[in-house]
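Going down the list, the sequences are from chains A and B.
Each residue of the first sequence is one higher than the one before, starting from 1 at the first, in the numbering used here.
Each residue of the second sequence is one higher than the one before, starting from 1001 at the first, in the numbering used here.
Any given hint could turn out to be false.
[Claimed, not checked] List time: in silico SDA-like cross-link candidates among lysine to any residue, alpha-carbon distance up to 25 angstroms:
1. B:K1246 <-> A:E355
2. B:K1006 <-> A:P79
3. A:K404 <-> B:L1348
4. A:K375 <-> B:S1224
5. A:K406 <-> B:T1160
6. A:K385 <-> B:S1224
7. B:K1227 <-> A:N425
8. B:K1246 <-> A:K81
9. A:K81 <-> A:S181
10. A:K316 <-> B:L1348
11. B:K1246 <-> A:L376
12. A:K316 <-> B:S1254
13. B:K1004 <-> A:I107
14. B:K1246 <-> A:M426
15. A:K385 <-> B:M1225
16. B:K1246 <-> A:D118
17. A:K385 <-> B:T1229
18. A:K375 <-> B:L1348
19. A:K81 <-> B:V1013
20. B:K1004 <-> A:R95
21. A:K406 <-> B:M1257
22. A:K406 <-> B:P1195
23. A:K381 <-> B:M1225
24. A:K81 <-> B:V1360
[Claimed, not checked] Far from chain A, by Cβ distances over 12 angstroms, these chain B residues were calculated:
25. F1037
26. L1114
27. A1155
28. F1177
29. R1181
30. S1206
31. Y1292
32. A1341
No wet-lab data here; the hints were simulated from the structure.
Built from N, CA and C at the ideal position, the CB exists for glycine as well.
Below are the chains, spelled out letter by letter.
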Amino acid sequence: MEDTKEKQPLVEMIGIVKRFPGVVANDEVNFTLMPGEVHALLGENGAGKTTLMNILYGLYRPDRGTIKIMGRPVTINSPSKAIKLGIGMVHQNFRLIPTHTVAENVILNAPNVGFFIDWQKIHEELRQQIAKYGWRISPESRVWQLSAGEKQQVEILKLLYRGSRILIFDEPTSVLTPQESKMLFTTMRKMAEEGKGVVLITHKLDEALSVSDRITVMRKGRVVLVKPTSMTNRDELALAMIGRQEGASLQPQPGPRTDRPVLSVINLFVEGDKEELAVKGASLDVHRGEILGIAGVSGNGQVELAEAIARVRKVKSGKILLDGKDVTSFTPRQMYENGVAYIPPEGARTGVVSELTVLENAILKSYRYSPISNKLLIRWKEAAKLAGMLIERYQVVAPSINAKVKTLSGGNIQRLVLARELLGNMLTKPKLIIAVYPTSGLDIGAAEYVRANLTSMRNEGAGILLISEDLDELLRMSDRIAVMYEGRVVGIFDGYRASKEEIGMLMARGVG
Amino acid sequence: MPLKLKIHNYYIVFEKRYETGILYKVLVTIIAVIASFIIAGLIFLMLGFSPLEIYKMIINTFTSVGLMHETLLRSTPIILAALGLSIAFKMNFWNIGAEGQLYMGAFAATGVVLLHVYYGMISPDLLLLVMLLASFIAGSAWCLFPAFLKTRLGANEIITTLMMNYIAILFVNYLIFGPWRDPQGYGFPFSVNFPPYARPSLPFMSVGTLMLTWSLVTASLVFSMLKYTIPGFEIRVVGQNLEAAKYAGMNISSTIMLGSLLSGGLSGIAGMVTVTTLIGRLTPDVSPGYGYMAIIVAYLAGLNPLLIIPAGILFGGLLTAGDAMQYALSMPKTGAQILQALIFLFTLLGEFVKRYGVTVVRSGGKDGRS
Chain A
1 MEDTKEKQPL VEMIGIVKRF PGVVANDEVN FTLMPGEVHA LLGENGAGKT
51 TLMNILYGLY RPDRGTIKIM GRPVTINSPS KAIKLGIGMV HQNFRLIPTH
101 TVAENVILNA PNVGFFIDWQ KIHEELRQQI AKYGWRISPE SRVWQLSAGE
151 KQQVEILKLL YRGSRILIFD EPTSVLTPQE SKMLFTTMRK MAEEGKGVVL
201 ITHKLDEALS VSDRITVMRK GRVVLVKPTS MTNRDELALA MIGRQEGASL
251 QPQPGPRTDR PVLSVINLFV EGDKEELAVK GASLDVHRGE ILGIAGVSGN
301 GQVELAEAIA RVRKVKSGKI LLDGKDVTSF TPRQMYENGV AYIPPEGART
351 GVVSELTVLE NAILKSYRYS PISNKLLIRW KEAAKLAGML IERYQVVAPS
401 INAKVKTLSG GNIQRLVLAR ELLGNMLTKP KLIIAVYPTS GLDIGAAEYV
451 RANLTSMRNE GAGILLISED LDELLRMSDR IAVMYEGRVV GIFDGYRASK
501 EEIGMLMARG VG
Chain B
1001 MPLKLKIHNY YIVFEKRYET GILYKVLVTI IAVIASFIIA GLIFLMLGFS
1051 PLEIYKMIIN TFTSVGLMHE TLLRSTPIIL AALGLSIAFK MNFWNIGAEG
1101 QLYMGAFAAT GVVLLHVYYG MISPDLLLLV MLLASFIAGS AWCLFPAFLK
1151 TRLGANEIIT TLMMNYIAIL FVNYLIFGPW RDPQGYGFPF SVNFPPYARP
1201 SLPFMSVGTL MLTWSLVTAS LVFSMLKYTI PGFEIRVVGQ NLEAAKYAGM
1251 NISSTIMLGS LLSGGLSGIA GMVTVTTLIG RLTPDVSPGY GYMAIIVAYL
1301 AGLNPLLIIP AGILFGGLLT AGDAMQYALS MPKTGAQILQ ALIFLFTLLG
1351 EFVKRYGVTV VRSGGKDGRS
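With the rest of the complex left out, here is chain A (with noise of 0.2 angstroms):
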């Protein structure tokens, strides 16, 4: 570690500010990569790590700020000029051609291949390289009968080809098993020891302590720690991450709980997306009347819990009662009709669809009830009533109600998500609402607004499961907080009496 500091850093970004609309993703943002290290980047999603790098990749430019590359000022204003730099970046969803070979992929696009192409030589040398790295993929096989861990290695190919010696990788493990993350790690290793340069976006606290030597934590678009990894620990960092206790929050208002339980979920077993076991038991009340809050670093199964009561995922096992009633093998319209609203996660492009208008994502849930539609068609002026009260009374900006949806901004789109969910369905109010981090994304006017909804919902009466990663939101929002660790509930706290510091703990390693 000591000799590096003696080292021309490889990169070197200075103060750098990148605002979107509403929000600042990057507020004076200091980094530096040093030749032969692997940095891991962490933060909780939102907090701006991958903003950060994509300046670096060129795919943003700066509001503010300089970069230098082995201390010499560059604009990157491409990903052909970042490339050209010797900066290289493995993506989240591979870009690929499956039906091509492994070399095939990899020449693509490549400098100094030429005219005529040398394919003995090549071949030759990706083997040296595949060697090099013990990897067991051939530069002849087609990219299609690759695992996802083997077309993360044609990337980093890809990457080694064109001479990157500083590689970013975003959310690598995401798409791979714990066998391949392993394997993955032994390889930027290896490539540290190689004097290249490693960058690790993770928003897994393990996957940081296992493989980096320094560690960069971002919450909310600033840089909030930079340590050697050999000189920090869990807590410490899981208590950057998620912030300390910050002093003016407002006044928190228990609801009106009472003991019936709107929403019991019994030992539930949920499958993620790549079919492992996202949750795995998990127990937990909604009492009519309060405001149950879901804490857990992302990734602990609390998206697959939601959207599994909201039965948009399948249940592998265990039970939903919805008023006592068993609704486990329900569809989304059975829970809609039965007054069960879910604002998903990424409400702008699961939540509505953005080609069309304001005025039929107004309806999407409610097209098929009366006053908005007979058994076959829809009655447009009546949802054109409903759409121009929803806006109105959500304060939605949109041009028109037959504007389409793709023309607002991801907080109006929100808001829309918002007042169509809270309407409930055309009989009653809902009684129960899953909301799956409905401020994320949001700036603070609109995040205030939608929290205020929600509050107010409870104090009507409602059951709100609320999913968030900012536990800020959830210690001044829940009445009681619930812990999720590996798809598990590990503790439950009263809400407004719960220490930070507490919850950190449990959220970060499972045990108190």
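Since the structure of chain A is provided, determine the placement of chain B on it from the hints.
Quick look at chain B alone, frame taken from chain A:
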């Protein structure tokens, strides 16, 4: 981030547009069609034909009453199949099997006629109605099978619908060269001639006008189905955002099945129209590729059912003019297809221009846009 292309001292900048007016879209389409006529003219010139003469022939197709009648007859199967495709394409179901579905419709319509002619089944008054139903069912069955494979097994519908085309065409050929060959046909591969009451006609209207009316009615029905009915709304949502459809509680599989049923059924009716109005019996070459032209027409019309009618008439006219070019100028059959292909290419290019604004910027100095 806009895409930039540098040519000498200029940048061509492509920037994504969010809203495009209907006028702009129509203008782009018209320019695309005109541009393809100009390029085709150059190719005809190189082949030694006078482009002016060819343009005149094409214009003639739309001005002479007799040729216009032929044009309307030939455009009807294209329009009906394209209307079916617009439903499938709206829900992101890439049905390129309209040709096969059309052959199956022709097969079913002929089958009903043969039942009547050979076995005396079905009264003459009901014959056309039964043919209509049979061709709809046969066409939709040919589309439902790939839809079933997609929803149950995740099989790619582009491949399956395409393969189903070959099955349908070969099946019809087998019938025509085998059991369905007209015993009094001197060995030619034709079915028996359809009796007059198996061919649509009205006393006060020409068949061409009748078919145009039929197209207009069908287009209005498709348009209203998509806009005003619950399944139409579901089809549009499923096509645009599968996750949102699932989240909204829609049954994605049954939506795809229903859309495919309508899509294939309309192509099936196109097949019945072909055998009853144009040929009057089943032949091995029922369709000169109406089902494939329908794909171009559906796109040229931007999947708008009402715009499919003019686009389909344009293609019907090109077919008619193509025949004239073949006879009058002894131009090879592929000559007219050059024009069709160019219209398709320019339409695709037009799609790009509709989505991206194109500006040319002089390079040099600080580049302020990015």
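Comparing the hints with the structure gives:
{"no.": "1", "hint": "B:K1246 <-> A:E355", "in the structure": "holds, 16 angstroms"}
{"no.": "2", "hint": "B:K1006 <-> A:P79", "in the structure": "holds, 16 angstroms"}
{"no.": "3", "hint": "A:K404 <-> B:L1348", "in the structure": "holds, 23 angstroms"}
{"no.": "4", "hint": "A:K375 <-> B:S1224", "in the structure": "holds, 15 angstroms"}
{"no.": "5", "hint": "A:K406 <-> B:T1160", "in the structure": "violated, 33 angstroms"}
{"no.": "6", "hint": "A:K385 <-> B:S1224", "in the structure": "holds, 21 angstroms"}
{"no.": "7", "hint": "B:K1227 <-> A:N425", "in the structure": "holds, 22 angstroms"}
{"no.": "8", "hint": "B:K1246 <-> A:K81", "in the structure": "violated, 41 angstroms"}
{"no.": "9", "hint": "A:K81 <-> A:S181", "in the structure": "violated, 30 angstroms"}
{"no.": "10", "hint": "A:K316 <-> B:L1348", "in the structure": "violated, 46 angstroms"}
{"no.": "11", "hint": "B:K1246 <-> A:L376", "in the structure": "holds, 20 angstroms"}
{"no.": "12", "hint": "A:K316 <-> B:S1254", "in the structure": "holds, 24 angstroms"}
{"no.": "13", "hint": "B:K1004 <-> A:I107", "in the structure": "holds, 23 angstroms"}
{"no.": "14", "hint": "B:K1246 <-> A:M426", "in the structure": "holds, 20 angstroms"}
{"no.": "15", "hint": "A:K385 <-> B:M1225", "in the structure": "holds, 22 angstroms"}
{"no.": "16", "hint": "B:K1246 <-> A:D118", "in the structure": "violated, 49 angstroms"}
{"no.": "17", "hint": "A:K385 <-> B:T1229", "in the structure": "holds, 18 angstroms"}
{"no.": "18", "hint": "A:K375 <-> B:L1348", "in the structure": "violated, 39 angstroms"}
{"no.": "19", "hint": "A:K81 <-> B:V1013", "in the structure": "holds, 18 angstroms"}
{"no.": "20", "hint": "B:K1004 <-> A:R95", "in the structure": "holds, 21 angstroms"}
{"no.": "21", "hint": "A:K406 <-> B:M1257", "in the structure": "violated, 28 angstroms"}
{"no.": "22", "hint": "A:K406 <-> B:P1195", "in the structure": "violated, 56 angstroms"}
{"no.": "23", "hint": "A:K381 <-> B:M1225", "in the structure": "holds, 17 angstroms"}
{"no.": "24", "hint": "A:K81 <-> B:V1360", "in the structure": "holds, 22 angstroms"}
{"no.": "25", "hint": "F1037", "in the structure": "holds, 32 angstroms"}
{"no.": "26", "hint": "L1114", "in the structure": "holds, 37 angstroms"}
{"no.": "27", "hint": "A1155", "in the structure": "holds, 16 angstroms"}
{"no.": "28", "hint": "F1177", "in the structure": "holds, 38 angstroms"}
{"no.": "29", "hint": "R1181", "in the structure": "holds, 44 angstroms"}
{"no.": "30", "hint": "S1206", "in the structure": "holds, 35 angstroms"}
{"no.": "31", "hint": "Y1292", "in the structure": "holds, 25 angstroms"}
{"no.": "32", "hint": "A1341", "in the structure": "holds, 26 angstroms"}
In summary, the structure is inconsistent with hints 5, 8, 9, 10, 16, 18, 21 and 22 from the numbered list given earlier, while agreeing with the others.
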